[in-house]
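**Q** Spelled out from the first residue to the last, the chains are:
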Amino acid sequence: MNPVLKVENLQKYYKTKGAVTKAVDNISFEVQRGEYIGIMGASGSGKTTLLNCISTIDHATAGRIFINSRDVTSLNEKKLARFRREELGFIFQNFNLLDTLNGRDNIALALAINGVEVRNIPRLIEQVAADLEISAILDKYPYEMSGGQQQRIACARAIVTKPSLILADEPTGALDSKSAGMLLDSLSLMNEKKEATILMVTHDAFTASHCKRILFIKDGKIFNEIVRGAKSRKLFFDEIMQVISFLGGDKGHAF
Amino acid sequence: MPSKKVKHTVSSSIFDELAARNVRKSAKNYNIYFFTLMLSVCLFYSFNSVSTQFASLGLEDRLSYLAFSSSILTAFSLIVCCIMGALVVYANRFLLKRRKKEMGIYATLGMERSMLNKLLMKETLRIGVMSLAAGLVMGVFAAQVLSLITAKLAGLSLESYRFMISFKAIILSVVFFGVLFFFVHLFNVRELKKMSLLDMLYAERKNETNQEGKYLRKFMTAVLAAALILGGYAYIYIKADQALASALGVGGLMLIVGTIFFFSSALSVMVVIMKKNKFSYFKGINIFTTSQFASRIKSEGRSGAMISILLFLSLSLTILGPGLGKYVMNGIENATPYDGTIYYALGESETLYSNPMEALRNTGFEIEDVSESYESSWIYQTPAVTSSFLTGDKEEAPDRKQNMEDEPMDYPLAIIGVDDYNRIMALQGVEPVELENDNFAVVYAFPPIEEAVKAFAKNPRALILGERSLSLKENGIYHRALENKNVLVDQGTIIVPQELTEGLTPRNWVLNFNFSGDTKTGNELLYDKWYKANSDSFHLMSAEEVTVSITADNLLMTYLGLYLGITFLITSGAVLALQQLTHSSDNEERYGLLRKLGVSSKDMKRSLSKQLRVHFGMPMFVAIINSAVVIALVFRYFEGFPIRAMAIIIGAGALLVGIVYLVYFITTYLGSRRILKF
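Read top to bottom, the protein sequences are chains A and B.
FYI, in the numbering used here the residues of the first sequence are 1 to 255.
FYI, in the numbering used here the residues of the second sequence are 1001 to 1678.
Only chain A is shown next, with the shape it has when bound in the complex (with noise of 0.2 angstroms):
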């Protein structure tokens, strides 16, 4: 079976007044239908340039990315709108929901840009909010709503469609820890009980504990790489931290 995320010497370089600066450095990787997968990194590691590209938000300057054995880096515009909202969903940290639309609304969205057809999609969208445990604030506005629970209808967005790789950009970041617990919670409910195959970039080990497997990044290169595998989530926790140790050097604040 084909890897659903091929990554494939990607390289990503700024030029800023003439310095170049290598964000992503010849970074290859596979991601397998059903993974959990995360990026770790410092800031300007280069993991959310990745992320991007991967996303195709950004375009890689060489190197190739196939998601689902489709080179993205080859798709024209149009191609790519509609394969994102094909095979992508986005999972951002600060969110993104519309704030014109009520959660349920927000949720149809991405739907009715699918173009599924109207009379399923307040069938839908029940189904995922009883996933996610979201039913109670489905009719809220996002401007009601707390940062854990608006995340959840995000998350609710993204996996609506069914997507085959859905991309999470620290999606804890703007959360407390008890919202953060409950998120992680349906994330890790989207992943095994809807098979969703989730990307996610972070910096905090404790969110990071929640993958399957963890690629730590530095100076836009694969450093590391290490599998929870039936390890406990504590253990695996302890294991982060003592790569993240590592990778900081003596530099005690890295991360």
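Bear in mind the hints are in silico, worked out from the structure with no lab data behind them.
Ideal Cβ placement from N, Cα and C applies to all residues, glycine included.
Each hint should be verified, as a subset may be incorrect.
The following residues of chain A were derived to be distant from chain B, with all beta-carbon distances above 10 angstroms [unchecked claim]:
#, residue
1, LYS17
2, SER55
3, ASP58
4, SER69
5, ALA81
6, PHE92
7, LEU98
8, THR100
9, LEU101
10, ALA110
11, ASN114
12, ASP219
13, LYS221
List time: in silico DSS-like cross-link candidates among lysine-lysine, alpha-carbon distance up to 27 angstroms [stated by the list, open to error]:
#, chain 1, residue 1, chain 2, residue 2
14, A, LYS194, A, LYS218
15, A, LYS178, A, LYS194
16, B, LYS1025, B, LYS1194
17, A, LYS15, B, LYS1118
18, B, LYS1097, A, LYS78
19, B, LYS1193, A, LYS78
20, B, LYS1677, A, LYS140
21, B, LYS1118, A, LYS79
22, A, LYS15, A, LYS218
23, A, LYS79, B, LYS1025
24, A, LYS234, A, LYS178
25, A, LYS22, B, LYS1025
Quick list of the computed label-pair ranges, beta carbon to beta carbon [to be verified]:
#, chain 1, residue 1, chain 2, residue 2, range
26, B, GLU1191, A, ASN94, 39 to 49 angstroms
27, A, ARG119, B, SER1291, 53 to 63 angstroms
28, A, GLU126, B, ARG1595, 20 to 30 angstroms
29, B, LYS1097, A, ASN76, 19 to 29 angstroms
30, B, LYS1028, A, ARG119, 57 to 67 angstroms
31, A, VAL118, B, PHE1141, 51 to 61 angstroms
32, A, THR21, B, ARG1113, 28 to 38 angstroms
33, B, LYS1097, A, TYR143, 36 to 46 angstroms
34, B, VAL1223, A, ASN76, 22 to 32 angstroms
35, A, SER28, B, PHE1219, 53 to 63 angstroms
36, A, ARG119, B, ILE1072, 53 to 63 angstroms
Position chain B relative to chain A; hints supplied.
**A** Chain B in isolation, oriented as in the chain A frame:
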């Protein structure tokens, strides 16, 4: 998932709903934009319905003077529409930029550009239809008010007034604004195309880089600005008499450059002064207020100058338009002493009729058909007596002559024999003048010459005609009109003993008459007969025509001034308001921080109001000075124009501009407070 294979047959209902909500949200935050759109439709309709207003007021327009005026207004609507278009495109781009993130969300959800464009089109359509409908309703009522003003300007009673709706103006408005909104949509699409997805999602609102440390240069700029502006005024004033065009060109350029320099330095200088004054700098949240000004030094320079120039145009036009309108009416009471006047003017090529009355009859026009009471008279001239005889400004004349060679200022004066004068005056029921053999008298009709004539009366000169020397008759100055005239300017006419006219050159011949019956049928009969006759050498000036043509001129000047003036006004008001409102929403975080630091909302309100007062006040201040200079310059040429009328026009214009500007200021202040939540 089955939907993945489904061809794109999205029911558009959710997009309609989305468009509606987006519009509603923008309308809430930027109601000033919708208000301006509505106002411009209203303005457009009102001034394009002027011809319908004439009809509703029952104004006769036999020679299409009014139709001409109203078509000029319609032609200028094209300019107005372009200005409005620029405003709407600007405002729309502005609003679109603020929605970058929203556009980014749509794109990550997989909306194609074409869908995004369609969504924007739905929004534009909605805004367009809403503002057009509301504007037209407002316009229909505003047009009624305008008709009342028209009636007053035309001196009509409101008897025949009825509520009117101009379908022509409605269609024009719909077409013009339809095209405008179509262009807005095209611009939107183009703007959207320029944004990359990365831009949309992650572009943070950029702060301006602070320009501290360049204060010396800024001070130099400020000094240069002051020098340029003052120099510009001086140049215009000194050179205006000799070469008006180049004076306005060079002087105007100096003013514009000076204004731009002024705005690029004003805020910096103000910030330095505020910082120097340590006592007030550390008082309350003045540190914050100062930093707010400092953060906008760069952008303010460009937009401030533009807004100031727009305001200057607005103020000048709203005052000069009605001013010119009133000026062409000045002396109207003397414009129509008779029901009609027929002229026979002596052109160079034309043969001199020794008996014009006979010649007129030969054209097929019988004066007896329309009138039983008529009198005719020759009017003479001689190169020896010119306008400087009365005005006495010989010393100024050669100076002007140099630059206006085609138009010498020294005309021969009109001269009339006393018997002729008395005959045509008798038709007006005026008592005859008795003139001794060695006397002359002066008659003038219109205010521009009044002062000169009065000065002449105090200090009269002798009139030399051939061998004879005449002196001014005691109290020999008369304020009377000899004929119907639609240009209310004259040089004065000399009345001499009848026998002296034999040595003079005939200048023109007038036939004054009053209708036998009532005016309406009289005019109908007159024009019927006149057009049937072959009277090319003669010119008819009926009282009706004079009134209508002067009224048409007055209305044209007044309305054109107001129309363009208000357009510039709401343009500058809207641009300024939008800038300040977005500035406020950019600063939400800063104010939130202040609140967390424990600053009271009273202090924040004070800081906000101070910032807005400066941003609104500075362009207005410069505009007032600039327009005061220009208005004074123009009014200087309005000879014989009563000071009271001038004061009323300046006051009314300034009040109108002031009130609308104030509305924009208050709305911006309240809107900013809502955005900043205090």
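**Q** All the hints need checking, so say for each whether the structure fits it.
**A** Results of checking the hints against the structure:
no. : hint                                     : result
1   : LYS17                                    : holds, 15 angstroms
2   : SER55                                    : violated, 8 angstroms
3   : ASP58                                    : violated, 5 angstroms
4   : SER69                                    : holds, 15 angstroms
5   : ALA81                                    : violated, 4 angstroms
6   : PHE92                                    : violated, 8 angstroms
7   : LEU98                                    : violated, 6 angstroms
8   : THR100                                   : violated, 4 angstroms
9   : LEU101                                   : violated, 7 angstroms
10  : ALA110                                   : violated, 5 angstroms
11  : ASN114                                   : violated, 6 angstroms
12  : ASP219                                   : holds, 21 angstroms
13  : LYS221                                   : holds, 22 angstroms
14  : A:LYS194 - A:LYS218                      : violated, 32 angstroms
15  : A:LYS178 - A:LYS194                      : holds, 23 angstroms
16  : B:LYS1025 - B:LYS1194                    : holds, 24 angstroms
17  : A:LYS15 - B:LYS1118                      : violated, 36 angstroms
18  : B:LYS1097 - A:LYS78                      : holds, 22 angstroms
19  : B:LYS1193 - A:LYS78                      : holds, 12 angstroms
20  : B:LYS1677 - A:LYS140                     : holds, 21 angstroms
21  : B:LYS1118 - A:LYS79                      : holds, 18 angstroms
22  : A:LYS15 - A:LYS218                       : holds, 19 angstroms
23  : A:LYS79 - B:LYS1025                      : violated, 31 angstroms
24  : A:LYS234 - A:LYS178                      : holds, 17 angstroms
25  : A:LYS22 - B:LYS1025                      : violated, 41 angstroms
26  : B:GLU1191 - A:ASN94: 39 to 49 angstroms  : violated, 24 angstroms
27  : A:ARG119 - B:SER1291: 53 to 63 angstroms : holds, 56 angstroms
28  : A:GLU126 - B:ARG1595: 20 to 30 angstroms : violated, 40 angstroms
29  : B:LYS1097 - A:ASN76: 19 to 29 angstroms  : holds, 25 angstroms
30  : B:LYS1028 - A:ARG119: 57 to 67 angstroms : violated, 33 angstroms
31  : A:VAL118 - B:PHE1141: 51 to 61 angstroms : violated, 42 angstroms
32  : A:THR21 - B:ARG1113: 28 to 38 angstroms  : holds, 30 angstroms
33  : B:LYS1097 - A:TYR143: 36 to 46 angstroms : violated, 22 angstroms
34  : B:VAL1223 - A:ASN76: 22 to 32 angstroms  : violated, 57 angstroms
35  : A:SER28 - B:PHE1219: 53 to 63 angstroms  : holds, 59 angstroms
36  : A:ARG119 - B:ILE1072: 53 to 63 angstroms : holds, 59 angstroms
Against the hints set out earlier in the document, violations occur for numbers 2, 3, 5, 6, 7, 8, 9, 10, 11, 14, 17, 23, 25, 26, 28, 30, 31, 33, 34.
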